[in-house]
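Use these hints to put chain B onto chain A, whose structure you have.
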Amino acid sequence: MRRYLLRRLLESVVTFVLVTIVVFLGVRALPGDPARTLAGEESDPATVAQIRHDYLLDRPLPVQYARYVLKALTGDLGRSARTGLPVRSTIGHALPVTLQLAMFAMVIAVLIGVGSGVVAAVRRRTATEWAANSVALLGLSVPNFWFGLMLVLVFAIAFPILPASGFVSLFDDPVQSFRHLLLPAIVLGTALAAVIMRQTRSAMLEALSADYVRTARAKGLGGSRVVLGHALRNSLIVVVTIVGLQLGVLISGAVVTEQIFVLPGFGKLTLDAVFTRDYPMIQGVVLVTTTAYIGINLFVDLLYSVIDPRIRVGGAVL
Amino acid sequence: MPSRPTLIRAAAVPALAAALALSGAGCSSIKSGAPAAGPSSDNRAVRNGGTLTVALSAEPDKLDPTLARTLVGRTVFNAICEKLYDVDAKLNVVPQLAAALPQFSSDGKTVTIKVRSGVKFADGTPLDAAAVKASLDRHMTLSGSARKTELSSVASVSVTDPATVSIALKSPFVPLTAVLADRSGMIMSPAALKSAGANFGTNPVCVGPFKFATRVAQDRIEVVKDPNYYDAAKVHLDKVVYRIIADATTRFNNLRSGDADVLDTVATTDVEALKSDPNLRLLTSDSLGYQGITVNLGNANGVGKPAGTLAAPYAGPLATNAKVRQAFERSIDRAALNTVVFGGQFTPACGPISAASPLSSDAAQACPKHDPAAAKQLLAQAGVATPVKVSMVQANDPVERRLGEALQAQVKEGGFDLQLQPTEFSASLDQTDAGKFQLYRIGWSGRIDPDGNIASFVQTQGSQNISGYSNPAVDDLLSQARAAPDTAKRRDLYGQLITKLHEDVPLMYLYRAKNLTGVSSKVAGVQVYGDGLIRLGAAGFAA
Numbered sequence: 001m002r003r004y005l006l007r008r009l010l011e012s013v014v015t016f017v018l019v020t021i022v023v024f025l026g027v028r029a030l031p032g033d034p035a036r037t038l039a040g041e042e043s044d045p046a047t048v049a050q051i052r053h054d055y056l057l058d059r060p061l062p063v064q065y066a067r068y069v070l071k072a073l074t075g076d077l078g079r080s081a082r083t084g085l086p087v088r089s090t091i092g093h094a095l096p097v098t099l100q101l102a103m104f105a106m107v108i109a110v111l112i113g114v115g116s117g118v119v120a121a122v123r124r125r126t127a128t129e130w131a132a133n134s135v136a137l138l139g140l141s142v143p144n145f146w147f148g149l150m151l152v153l154v155f156a157i158a159f160p161i162l163p164a165s166g167f168v169s170l171f172d173d174p175v176q177s178f179r180h181l182l183l184p185a186i187v188l189g190t191a192l193a194a195v196i197m198r199q200t201r202s203a204m205l206e207a208l209s210a211d212y213v214r215t216a217r218a219k220g221l222g223g224s225r226v227v228l229g230h231a232l233r234n235s236l237i238v239v240v241t242i243v244g245l246q247l248g249v250l251i252s253g254a255v256v257t258e259q260i261f262v263l264p265g266f267g268k269l270t271l272d273a274v275f276t277r278d279y280p281m282i283q284g285v286v287l288v289t290t291t292a293y294i295g296i297n298l299f300v301d302l303l304y305s306v307i308d309p310r311i312r313v314g315g316a317v318l
Numbered sequence: 001m002p003s004r005p006t007l008i009r010a011a012a013v014p015a016l017a018a019a020l021a022l023s024g025a026g027c028s029s030i031k032s033g034a035p036a037a038g039p040s041s042d043n044r045a046v047r048n049g050g051t052l053t054v055a056l057s058a059e060p061d062k063l064d065p066t067l068a069r070t071l072v073g074r075t076v077f078n079a080i081c082e083k084l085y086d087v088d089a090k091l092n093v094v095p096q097l098a099a100a101l102p103q104f105s106s107d108g109k110t111v112t113i114k115v116r117s118g119v120k121f122a123d124g125t126p127l128d129a130a131a132v133k134a135s136l137d138r139h140m141t142l143s144g145s146a147r148k149t150e151l152s153s154v155a156s157v158s159v160t161d162p163a164t165v166s167i168a169l170k171s172p173f174v175p176l177t178a179v180l181a182d183r184s185g186m187i188m189s190p191a192a193l194k195s196a197g198a199n200f201g202t203n204p205v206c207v208g209p210f211k212f213a214t215r216v217a218q219d220r221i222e223v224v225k226d227p228n229y230y231d232a233a234k235v236h237l238d239k240v241v242y243r244i245i246a247d248a249t250t251r252f253n254n255l256r257s258g259d260a261d262v263l264d265t266v267a268t269t270d271v272e273a274l275k276s277d278p279n280l281r282l283l284t285s286d287s288l289g290y291q292g293i294t295v296n297l298g299n300a301n302g303v304g305k306p307a308g309t310l311a312a313p314y315a316g317p318l319a320t321n322a323k324v325r326q327a328f329e330r331s332i333d334r335a336a337l338n339t340v341v342f343g344g345q346f347t348p349a350c351g352p353i354s355a356a357s358p359l360s361s362d363a364a365q366a367c368p369k370h371d372p373a374a375a376k377q378l379l380a381q382a383g384v385a386t387p388v389k390v391s392m393v394q395a396n397d398p399v400e401r402r403l404g405e406a407l408q409a410q411v412k413e414g415g416f417d418l419q420l421q422p423t424e425f426s427a428s429l430d431q432t433d434a435g436k437f438q439l440y441r442i443g444w445s446g447r448i449d450p451d452g453n454i455a456s457f458v459q460t461q462g463s464q465n466i467s468g469y470s471n472p473a474v475d476d477l478l479s480q481a482r483a484a485p486d487t488a489k490r491r492d493l494y495g496q497l498i499t500k501l502h503e504d505v506p507l508m509y510l511y512r513a514k515n516l517t518g519v520s521s522k523v524a525g526v527q528v529y530g531d532g533l534i535r536l537g538a539a540g541f542a543a
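Same order as they appear, the protein sequences are chains A and B. Quick note on the numbering used here: the first sequence kicks off at 1 and runs consecutively. Quick note on the numbering used here: the second sequence kicks off at 1 and runs consecutively.
Rather than coming from a laboratory, the hints here were simulated on the basis of the structure. Being a predicted model, the structure only gives us computed values, none of them experimental. Careful: at least some of the hints might be erroneous.
Unchecked claim - Stretch by stretch, here's where chain A covers chain B in the computed footprint (C-beta under 8 Å, at least three residues): (1) 77-91; (2) 195-202; (3) 215-225; (4) 242-248.
Unchecked claim - Sample of chain B residues lacking proximity to chain A, with all beta carbon distances greater than 12 Å (derived): (5) Ser-145; (6) Arg-281; (7) Ala-409.
Each residue gets a CB set at the ideal place from its N, CA and C atoms; glycine is no exception.
Bound conformation, chain A alone (with noise of 0.2 Å):
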């Protein structure tokens, strides 16, 4: 289990180190001077050329990459070259928006998706099943956009219940957070909670064809204990991949959810950087995805052998 923890340690720095690089160069290729964006409406040459000198653009990659990660290292991302704002504290403020509506959508799609994955499994071929597949399909086809805007103008214009845009933080205040975040985790969790349900109904049919639960079965034991106790509960290690994969995932592609209700998370703040080639930014921006997915990862990998003592002892599937 040591190996095993050290290895998977080692393989995430590697990984760290090879992603910093490439977002460092691949932020360097984008077309567009980042000194020229700067500048803005008044732009001329001699402010430009001050901005590139000021921000360090004027020297080497080499002189750069190493400047930032020394500096990354000491914890100071650096000031926004938009804002002024230190990029540190700017992504500490989005970044519990996005995990709050993250987590928000995880509950709603883990509750519709291992609910109707379970349903549709144990009542195949029936009127349930094509109704929850159905569900599932219409969850993975409407685009986020045209279903966020469909709620704001039910639920936030013509039934003023609940309002339209912004952010309350949980810990602020429970009850406008969650009258916040409601819209937005819903738009975020029905794709999510297709992709949950697909994945639970064909772990659940599998392990229900499995040999034990015809030996729980014959052995007499009731139908819901075999459903919820054995078949599912061999199940969730498929959806606890899935949640794990599409946590990360959700982190950072909220984007088109936090733009329609106007969330201060960070897919927005991503998108609003790079728009503005705002390099310390986006450069801050990615390491922090970069360190969650890492982390979001190891911590799946650990939770299996949790789940699956197997991993815990054996080798072989290491």
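Chain B alone, transformed into the frame defined by chain A:
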């Protein structure tokens, strides 16, 4: 390589004939000063208190008057950072933190400004001549200052007495008053400048009806009523929250749902829906800026460099022959563009000066008439084979695409084959600065004084002269207009200058956007003038 001035002089002779034609049947005057569709302000009685939410269309950059570069940032500054001068509803420059309009010496090279007395910054520091000098010096010297170009005419600033500042100019520059009615005229608290230094923008302290409270990047900026403000008794709101909502539909939905009270930049496609909603009102005013097409005449070496001869694929008759450019302009039906692309919400424009400006004249509003047959004649006179193939770089958003396609169809009738090159905006700025274009669809947000709308774009080696245009006569007219204290004289000079621009066509002005501001009917006292800034000093919730 022929130098740019020679080239232009050579082109000027046939252009003169064309100009005479323009001044006759080929030219009409655009009356864009017609009254706006809705009021630009609202004077209902208001009650004290409350928090107003303003939805901004973009995120302001640094809230530091010296470093700020975005138009949207000026709206926030309007609440927290007053200037030496401001404009009134008719766009006349009026004193704000200055006690009176500036006094220019007889040679025009010394400007004396009296500072308003009894004024305190939000941190309680008194405003005096030393504070004005400190801010102006910072604008001129701070690394990365966005004000250096605007204040490039200033040689030095000195304090004559605690209430008087004297500005020495390198050469006479009448537009300085208007420059000081924008960010260059914003005065920052010397105490805050001392303690925050280059990070002043994270907690700006100036004089204003409101003072900065907090900012969450990409989300909101909050300002609260400033008890130290000299006119605090007239300020009704307790707090203003500026929320950043980039998407126009989302912004409009937030106004409809009541999550926002004031909406900056209503999309033209939402105007009818807004007008039909009894809970909302639309404030409109003509923008000071313009939208147009810049023609690459000689930007072979990059902006700010001496003009040269264009190489393939950017060279062509459009760059070398004014008749071809005139033909292109005659092919454009500005009124139809406005109807098709903007639902008729904007104003067709043919020059850089808003008709609402006190310096506008008939000559400044003269417009080459839409006439595809005349365009074809001009092309025949120029001796070029039709269709003339030209390409245009434009931003890659849906509205720009619609505009590009409409233009494409129009100029086809005049004998042009227009190729559209949609490009991501940041990349397009780079590309066109470097001279890698034939036509570029770009505009300018506008300044109070026409000099700010013209000089840097058409002056020889001007800081934003991406056209590579150079005409000594135009340079001379600009210099004369800068030195002429008399408004009538300046009006005449700008009229002459615009006539020259219509001959040479380094830019084709297309339309002037309107400042479209959506306001909840619960709110009164919001004012929007031609400068497009949302003024909230007198605003409040209707009593």
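Quick rundown of the hints versus the structure:
Coverage of the stretch 77-91 of chain B by chain A is violated. Counting CB-CB distances below 8 Å, 0 residues qualify, and the rule asks for three or more. Under a criterion of three residues with beta carbons nearer than 8 Å to beta carbons of chain A, the stated coverage of the stretch 195-202 of chain B is upheld, 3 such residues being counted. With 6 residues having a Cβ less than 8 Å from any Cβ of chain A, the stretch 215-225 of chain B passes the three-residue criterion, so the hint holds. Counting residues of the stretch 242-248 of chain B whose beta carbon lies closer than 8 Å to any beta carbon of chain A gives 5, which reaches the threshold of three, so the coverage claim holds.
With a closest Cβ-Cβ approach of about 8 Å to chain A, Ser-145 (chain B) is found to fall inside the 12 Å limit, against its non-interface label. Annotated as non-interface, Arg-281 (chain B) keeps its C-beta farther than 12 Å from every C-beta of chain A; the closest such distance is 17 Å. Its beta-carbon lying about 29 Å from the closest one in chain A, Ala-409 (chain B) satisfies the requirement of being farther than 12 Å from that chain.
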